[in-house]
Amino acid sequence: MAVLLGVERDAELGTYLSGRTVGLVTNAAATDSSLVPTVDRLRERFTIASLFGPEHGIRGDAAAGDAVASGLDERSGLPVYSLYGENRAPSADQIAELDAVVIDLPDVGARFYTYLSTVVYVMQACAAASVRCIVLDRPNPIGGEIVEGLMLDRRFSSFVGRFPVPVRHGLTIGEYAVYINETERVGCDLHVVTMTGWRRKLYADQLGLPWVMPSPNLPTVESATVYAGTCLFEGTNLSEGRGTTKPFELIGAPWLDTERVLRALRSESASRALAGVRLRECRFRPHISKHAGETCRGLQLHVTDRSLFRPYSAAVALIDSIRRTHDEFVFLEPTRGVPDAPDARFFIDLLSGDDSLRAHDFRLAEYLTRCAEDSAAFIEARSPYLLYPA
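Each number in my numbering corresponds to the 1-based position in the sequence shown with 34 added.
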């Protein structure tokens, strides 16, 4: 059965949007199955008054972490209000004349992907203004069955993780919106235009849909598959492969002794954490970001069995082995530049959800047991809010 995206469910869209003035939160990766951008598809039938741009912008041309400017969209001529600059939420004035705000954004199944925070900010703004919010649902590209990682400790809430869910949450963006709206009592008049034909076991390359990179450093399904783990390396002094053709599939540094790392990974706990993936020694030279222009000794993750592979566990095992075998390894120092973090925090803490990964007495087996317990608890907690079968 073919997957029909939320944006393609014309009858449902007509029910919600016909005769109404609408604001649209979207980006270039939100397209229909024929690769028509959502903004263009909706403008043909409905009154779109304004656009709201998340990280990377409406057209996907802003780099990771770069502020997105407000202005006019050249193609449509519509005003664009930034949700990734000084403001993270629409202002009351920006949505006062709207009947509804529509959200159509891709997600990648990881808590630290910033579009999840954008969705919640928009829902909160809509709730405050008594404006309906409509989410056009899309697949979770790494499936909806597997859940992995620690639940976020609220003390470490930030724009890369606002609420207590595991790192790999196994929800679609519509399910996430429903879950947060209910469990956090947002009070938004929320409606999700669901997909048809999607099943939780399906990855993006099993849907018969073209892959459109959701952000510049997730060019392939393979990079999205490992991202829920190797994004942790953003909080370390190793390159996570930004500035290469394999972002998040490569990790390394000029000083890394890969043979030493592989030997350290032979422990029973590490071996279990690396199920379904093989590590290949390699060298690479990033052209941007950490170690730009330097030759890095590194490892490439080759996923051999997605049903067994646990990206978060694998990344934690890698970090643990590198930390134990290299004095050069450090977690990046705390910064005040992370939006919504209450004060200066180690970025690794914000990504992982608490500070236990940095503990001097860190024990891999104990940590992964905690992850499994948190994930099991979340699978039970999320069950009333799931919109799709296995």
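Hint data in this document are derived by calculation from the structure and do not stem from the laboratory.
Glycine included, C-beta positions come from ideal geometry on N, C-alpha and C.
Be aware that one or more of the hints could be misleading.
[To be verified] Restricting the straight-line Cα-Cα distance to at most 25 Å, the calculated cross-link-like pairs of lysine to any residue (SDA-like) are: (1) LYS324 <-> GLU293; (2) LYS235 <-> ARG306; (3) LYS280 <-> THR230.
[Unchecked claim] Computed spacing ranges between beta-carbons, pair by pair: (4) ALA162 <-> ARG404: 46 to 56 Å; (5) ALA399 <-> PRO368: 45 to 55 Å; (6) ARG358 <-> SER164: 50 to 60 Å; (7) GLU315 <-> ASP239: 19 to 29 Å; (8) GLY221 <-> SER301: 47 to 57 Å; (9) ARG300 <-> ARG392: 31 to 41 Å; (10) GLY231 <-> ASP133: 22 to 32 Å; (11) SER417 <-> ALA103: 34 to 44 Å; (12) GLU302 <-> SER390: 34 to 44 Å; (13) ASP377 <-> ALA103: 19 to 29 Å; (14) SER390 <-> ARG300: 16 to 26 Å; (15) ASP95 <-> SER301: 37 to 47 Å.
Here's how the hints hold up against the structure:
1. LYS324 <-> GLU293: holds (22 Å)
2. LYS235 <-> ARG306: Satisfied, since the Cα-Cα distance of roughly 22 Å is no more than 25 Å.
3. LYS280 <-> THR230: violated (32 Å)
4. ALA162 <-> ARG404: 46 to 56 Å: Distance hint for ALA162, ARG404 is violated at roughly 36 Å.
5. ALA399 <-> PRO368: 45 to 55 Å: violated (28 Å)
6. ARG358 <-> SER164: 50 to 60 Å: holds (54 Å)
7. GLU315 <-> ASP239: 19 to 29 Å: Once the Cβ atoms are compared, 27 Å apart, the range 19 to 29 Å for ASP239 and GLU315 holds.
8. GLY221 <-> SER301: 47 to 57 Å: With a Cβ separation near 48 Å, GLY221 and SER301 satisfy 47 to 57 Å, so the hint holds.
9. ARG300 <-> ARG392: 31 to 41 Å: violated (24 Å)
10. GLY231 <-> ASP133: 22 to 32 Å: holds (29 Å)
11. SER417 <-> ALA103: 34 to 44 Å: Cβ of SER417 to Cβ of ALA103: about 41 Å, so the range 34 to 44 Å holds.
12. GLU302 <-> SER390: 34 to 44 Å: violated (21 Å)
13. ASP377 <-> ALA103: 19 to 29 Å: holds (28 Å)
14. SER390 <-> ARG300: 16 to 26 Å: Between SER390 and ARG300, where Cβ atoms are some 24 Å apart, the hint holds.
15. ASP95 <-> SER301: 37 to 47 Å: Holds - the Cβ-Cβ distance for ASP95 and SER301, about 44 Å, lies within 37 to 47 Å.
When held up to the earlier numbered hints, the structure conflicts with 3, 4, 5, 9, 12 and fits the remainder.
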